[in-house]
Amino acid sequence: MLQLFKFKGGVKPETHKAPSLQAPIAKAPLPEQLIVPLHQSIGGVPQPLVEVGQHVLKGQRIGAADQWVSAAVHAPTSGTVIAVEPRLAAHPSGLTTASVVIAPDGREEWIDRQPVDYHTLAPERLREHLRDAGVVGLGGAVFPSHAKLSAAKSVPMEELVINGAECEPFMTCDDLLMRERAEEIVRGITVFRDLLEPRKVLIGIEDNKPEALQSMREAVARLGVDFTVTAVPTRYPAGGAKQLIRVLTGKEVPASRRSPEMGVQCFNVATAYTAWRALAFGEPVISRIVTLTGNVETPRNWETLLGTPLGEFIRLGAPKPDTDRYLMGGPMMGFEMPGLEAPLVKASNCIIAGSPALFPPPAPEMPCIRCGACAEACPHELQPFELYWFSRARNFGKTQEYNLFDCIECGCCSYVCPSHIPLVQYFRFAKSEIWARERDKNQADAAKSRFEFRNERDEREKAEKAERLARAAAAKATEKPAAEKPAATVPAEETPPANAPVDADAAKKAAIAAAMERARLQREAAQVKNTDNLSTEQREEIARIDARRARAPAHQAVEQTDVAPPPAQEQ
Amino acid sequence: MTFTTPPYLTQDVSVRRIMLHVLAALVPAIAVYVALIGPAVLVQLGIATLVALLGEAAMLKLRDKPLALFLGDGSAVVTAWLVALAFPPLAPWWLITVGTLFAIVIAKHLYGGLGQNPFNPAMIAFAVCIVAYPSLMSQWPPVDAGNGIGEQLALIFGQAPRLDAMSGATPLDALKTALKGADSGLTVASVLDNRAVFGHVGGKGWEWVSLAYLVGGLWMWQRKIIGGQVSAAFLAGMALIATALWLLHPDQFANPLFHLVSGGTMLGAFFIVTDPVSGCTTPRGKLIFGFAAGLLAYIIRVFGGYPDGVAFAVLLLNICAPLIDHSTQPAIFGMKK
Ligand code: SF4
Ligand code: SF4
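Protein sequences appear in the order of chains C and L.
Position 477, counted from 1, in the first sequence is what the UniProt record's numbering calls 477; the numbers after and before it change by one each time, with no gaps.
Position 324, counted from 1, in the second sequence is what the UniProt record's numbering calls 324; the numbers after and before it change by one each time, with no gaps.
One chain only, chain C, in its complex shape:
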């Protein structure tokens, strides 16, 4: 039996999980339209690879990762691209985001799916493969998985932690996935293990999911891998990566460090599942399991195409008439969807229909009575009321002193506050203010250095101009001798010749000559640029090329540009 560790704080809200656990996962029907945001993961925004009017196949890449931390997005079904434009994002802000809108043709015509035996791939290729299949953390953080699949150079990977805790109330998508598709999850974990080579693989599942525990244990036994499946005590936020790592390994990863530096890495079970589908079936991430629950007649988990508009999705659960909002994610860390046109995305693990009865309006905010309940509930052992105090007073320096950025916004503090203070909101406000200030400061710094640079240049130019004027005056006075002196013989350096004339006049003359020579050299340098160090042969070569270029007929140039391949549409 694995020794478990405790994390401090945490809360035990009512779980509300039972209603959506009554039925197995079902496949959601094809919606009339799919709105696929290009930016569905942490990191860079993928570039669109398709145009309006283009026909796409199911699984066809429509947005390519534009940098290492980024992941591709794909067409969830076959059909026609009817728009590439900003659409309402699945984000509380109500802002829009670049999206590809697809009208399905109903044929569900796949791309040519190419299963790969990942053992034959070099680790680098394997990571690229996952990136191009759009594999990201499906626990809700949507961090591109391939970027987490390298061990730290200096620290051996000790534990690979697999997160099946699912601590948010209402949410059951991982639970059902583990019950129904445990074997594929375990196979996916094997891929991660082979890339990271940890000493141990620890799978943590909250002890309120006995069926999932059972099914995962059986899968592990069937596949003959030595992964440890462990029941962890049910306490929110046991499914927070840092909390689960703490419970299973005893390690505490602070905000200032990345977990691989401490020899541990953590993935969600659904992520492992999609990684396996991507490799063994050549299926990119185009759907996910979404819990639809709350104030609906038929709560259930649906395997849903990404891009399904919320409005079409909720119809599957038949929301009750008093439904007044839809939350995405759990009630502790989720947010209110900005509208029914917003699509489901990779981060959409759960949709909760809310009603005034289910989520009553918050009680009026009272002053903080320093009761300390929030500090006791904080899993990161912060002093939320101090943070609140300083955030409110806009004393942002102090908030950082009190470790504002270690706050994971889990909401435990707000949950227990007898004064009903929306603490998390204050912390988000403080964080974004600090970020904004940092940005401003960086811009100000850049402006300042630009200003200083300009100032310096002006000063320098002024000085040079004065020098020039003085020189000109002096030159005029001693015009003849200076002109007679052949410039080339004067060395560029300041060192006066050995037989330097001792009288002031001659010294002045020498200085002037030197300055003129410097100026000439500078002029030359500016003209010939970096070719002045070239050998004779190289110079001749350049001359020949120049001559050829000058002689070349126009049509040749045209032919040459034609050879360049057009930007291929990748499949």
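Check before you lean on any hint, since a few could be wrong.
Computed footprint of chain C on chain L, listed as stretches where at least three residues anywhere in the stretch have a Cβ under 8 Å from a Cβ of chain C [to be verified]: (1) 15 to 26; (2) 276 to 287; (3) 327 to 333.
Since the hints were derived computationally from the structure, they do not count as laboratory data.
Note that the Cβ used here is the ideal one computed from N, Cα and C, for glycine as well.
Got chain C; can you put chain L with the ligands on it based on the hints?
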């Protein structure tokens, strides 16, 4: 659609609920008190409650705060009850009025209202009144004075002359006075032998009131309304110094049990040092706060000129609380050692 923020679930907790628990926890002690002294206690509680609510309402109005919300939070009533229980039960009506007003208007609202007061309001009331009216604040009726309700009301509302006879000192005071007359050659043991004043352990009758406070406190602890650390540390601080001095000079110092159950020790331990607003908030800070307050309370009560030391000890520690908190910030997740 209104802008909302997570978490969408909250625990069923409120300031009001906490305050109602505190009031409920005071009920056993009040019951014992009434049984011992008579209905005067209830009259004092009534006056204090009324004055506190009126004062609170007036201040809320002046400060332009929502009346119903803040009057309903129960904090003013808690302050009123604590003032009433800390004051002598037969004190004139205006004394409790002055005390309560001082607590609500000055100690609470002038510092910013609920959650902002650096000092414990009830202790401010006590300290101010004992400095201003030392003799009135020291008139504690003997528990078996047998005054009828009419007589008590007359005393409170000033229709009867305040007789020297009714101003029996508290056991703490009696012990101190007896020992101060050092020429008398009395020892603690011989003084305490006078069961008529000192009862079985800590002063006739008073020990039962103290026990009732303890019961209420333990109930709050069990209901997680108070954490218990401050209370335990406070009792430990007082017990430690009392035991040490008693072991050194049993003739001159009463045993620790006497100190734990007499005067305001239990009231202080479970209802005063537990005030979160004016106390410490860090785990170590709470222990330091409680322990130091217990120690100081003993020193002031035994060596100082006032009948009890809890109020001054708590106020002194209130001053230190921010400093203690600042220097005892706990290490956060991932940053230990
Ligand atoms: S729980 Fe609320 S009232 Fe209590 S200390 Fe924290 S912020 Fe203040
Ligand atoms: S939201 Fe932040 S401060 Fe509040 S309990 Fe969670 S980690 Fe602590």
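What hints, given by number in increasing order, does this structure fail? none
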